[in-house]
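Sequence lines, in order, name chains V and A.
If you read the first sequence in numbering that gives the first Met the number 0, its first letter stands for residue 0, the second for the next number, and so on.
If you read the second sequence in numbering that gives the first Met the number 0, its first letter stands for residue 0, the second for the next number, and so on.
Take the hints with a grain of salt, since some may be wrong.
Unchecked claim - For lysine-lysine, the following DSBU-like pairs were computed, each having C-alpha atoms within a straight-line distance of at most 30 Å:
hint: 1; chain 1: V; residue 1: Lys169; chain 2: A; residue 2: Lys94
hint: 2; chain 1: V; residue 1: Lys169; chain 2: V; residue 2: Lys90
hint: 3; chain 1: A; residue 1: Lys189; chain 2: V; residue 2: Lys270
hint: 4; chain 1: V; residue 1: Lys130; chain 2: V; residue 2: Lys270
hint: 5; chain 1: V; residue 1: Lys90; chain 2: A; residue 2: Lys189
hint: 6; chain 1: A; residue 1: Lys189; chain 2: A; residue 2: Lys94
hint: 7; chain 1: A; residue 1: Lys3; chain 2: V; residue 2: Lys90
hint: 8; chain 1: A; residue 1: Lys94; chain 2: A; residue 2: Lys181
Calculated directly from the structure, the hints in this document are not laboratory data.
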Amino acid sequence: MNNRLCRPFLVFIPFFIILGLFQLAPLVWVVINSFINNDGHWSLDNYQQVVSSPFYRQAFTHSFLVSIFSAVAGLLIATIGCASLRHMQGKIRNIMIAFTNMTSNFAGVPLAFAFIIVLGFNGAITLMLRKWGWINSFDLYGTQGLSVVYTYFQIPLAMLLLYPAFDALKVDWEEAASLLGASHRYYWQHIALPVLSPALLGTFIILLANGLGTYATAYTLTSGNYNLVTVRIANLVAGDLFLQPNLAAAISVILMSLLIFITCVNQWLVKRSYHVY
Amino acid sequence: MSTKRAMAYHYSVTCFIYFLLLIPLLATLVYSLCDQWGATILPSGFTFKWYIQLWTDPRFLTALYHSMTLAVGTLILSAVLIVPCVFVVFYYYPKLDTGLNILTLLPFAIPPVVSSVGLLQLYSDYPLLLTGTPWILVGCYVGIALPFIYRAVNNNLRALNVHDLMDAARLLGASSTQAFFKLILPNIRKGLMASLFLSFSFLIGEFVFANLLAGANFETLQVYLYNMQQNSSHFTSALVISYFSITLILTLLATRFNR
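Here chain A stands alone, though its shape is the one from the complex:
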């Protein structure tokens, strides 16, 4: 194959695949911006009314608020819990790394539906009545964020000369805790922030736990979306696009931090 023909082939393959990936998104976008799209191939009537209807719906705003506070709360808790652990393993007990690594994959290996079976039975009764509250979601979501944060912080620490930095800090009279907060933490900030944004977009996209464990008592964005399926599909399209724009902004922020 000549180079020119080869390049033409590579371009058309890539364009075709990305076109396929784009179709559902584009269709949803068009759908959300038009008045009617019945049994015809092309839509008719450009309008913003579905977006106005969505963004003035108090139930939507509540769901958005629930999703946001839940995700932010979970990520703050995750960072506080996980970052010191990763550092301690890296600096004091490098032998535990493999074990912790396997542990971080656990939430990936067990489908959320399976965990929900146990969670619903364990926490639906006194003294730990957690189902139907956001607290059980916080607990589960820490597990979802764990692999991302663990990976990012661990990679960052590897790139850093942690042992020399810590020795230097101690030589200058800092305690290990002080050195961690004033020296290590600022150095891993970028990677940590990137992983937090990445986890954020995963968390607001979570449906299974949110629907099975909290449901109507604490309606998140995804559960609201599911419950709105009886509504006009133009309205749900506006919802999908709004939701997607939020994750898009977060992904962009994540890549910016990663640079």
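Bound-form chain V, shown alone:
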């Protein structure tokens, strides 16, 4: 009996070796070395350097600004989109969902290239908008541009995550509400949105984390010139100048702590929010 229950355990060994070597070990290295200063002693020097430097503080501000903006915008557009998508006929809906799936893969380097063509200095849309006088200049390579590109890749992801949650909304509820005299707006404000709120909050966190962790898109678009947390980390371990892996580790730990903090707040909000079942 004992033997029979122990032998299956062997399949875990290679699995955990690979996971340990490439997922856990680097994480442990990062956490430990963030507390070791240049002289090789335990200290908080790295953290102090990050917190006291306006340059690194700016990186965090930029990362959060772009991520929060794109997460909110992406979530808003995806919510409106999902609500309408549910009313489509089965066949059209399936094609749309397949397309969403496909565009959710469209990120990073290729996406940055596509946006340079469309919204770059001589991009087709930029020229069109300029001709119509809607914009004077659009800076694709700054905060404005990054927010637009980030929003673009957040929309399909948000739709994929949100769409299943819309199944919780029963069609009869809307009918019942309108029979009882509720307006369309009242229905959304007091029935649909409260029911959807756990899914909305959860999706928001994933989008925020997705935005904060993004590196390839911003790196390609701005050649690393725009100050973001991920760009700073990568430059400190693989840049052309002198490398400071321990400082990079400290920035990484701060970034992950912020993510954990946001997730905890989110869990707390979800627990307090409305539950259908």
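Dock chain A against chain V, hints included.
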């Protein structure tokens, strides 16, 4: 709102959102097929020359070969490592499910840039000199494929009557290992294949690890794409469209298997 007006609203909203999502793709497609598109709104001169130039570039073909072998190798290794684990947890130790579930989300929670910080320091030196080789990418990519494979196999097992199937097999004299290979594995094949195709498109789209850990020593499709940005944008557009077509075919295959 009357039903007709409501439907018109829903259609226009959906069409508008999908139009927005399509614009960058369409523009890239048009760009890759035309000779010139300077400071004008409309392009001029239809041509296939950028595609011919791309598909005859040996460096591109090498990068494509690197990406393909890397992804296929990683997925074979992932399937061999992960599928038995999911089955063992499901059948023998269902209590471990929550723990393993959290573990599968780990690669999602840690941005690749952060892992790279540790990986570059740990594996850049003897005795484990892995940076600059495809091997370190294989290791990292198993983590990327893990959540997809885990989810798919686990869902498949749930839909299957695993305990009855295993009891029946044993009653007929099969060992547990035999039953796993001859009974369980064929039954979860479809879901597994779908998740492998899905992971495949994620893996050939991976840039951060490929650029930071292997870089020029093992140039993948994405790194090649990045390095080509000094080239004509028509050429890079042809590259983006070729790359996107490959992922499109894979996604279609994945949905077919999922049916």
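The hints, checked one at a time:
Under the criterion of a C-alpha separation no larger than 30 Å, the hint pairing Lys169 of chain V with Lys94 of chain A is inconsistent with the structure, at around 34 Å. As the CA atoms of Lys169 of chain V and Lys90 of chain V are separated by approximately 21 Å, the hinted pair is consistent with the 30 Å bound. Simply put, Lys189 of chain A and Lys270 of chain V have alpha-carbon atoms about 36 Å apart, too far for the 30 Å limit, and the pair is violated. Simply put, Lys130 of chain V and Lys270 of chain V have alpha-carbon atoms about 51 Å apart, too far for the 30 Å limit, and the pair is violated.
Between Lys90 of chain V and Lys189 of chain A, the direct Cα distance comes to roughly 23 Å. Compliance with the 30 Å bound is thereby established for this hinted pair. About 26 Å separates the Cα atoms of Lys189 of chain A and Lys94 of chain A, which keeps this hinted pair within 30 Å; it holds. Simply put, Lys3 of chain A and Lys90 of chain V have alpha-carbon atoms about 19 Å apart, close enough for the 30 Å limit, and the pair holds. In summary, the hint linking Lys94 of chain A to Lys181 of chain A is supported, as the alpha carbons are separated by about 26 Å, within the 30 Å threshold.
Hint compliance for this structure: hints 1, 3 and 4 are not met, and every other hint is.
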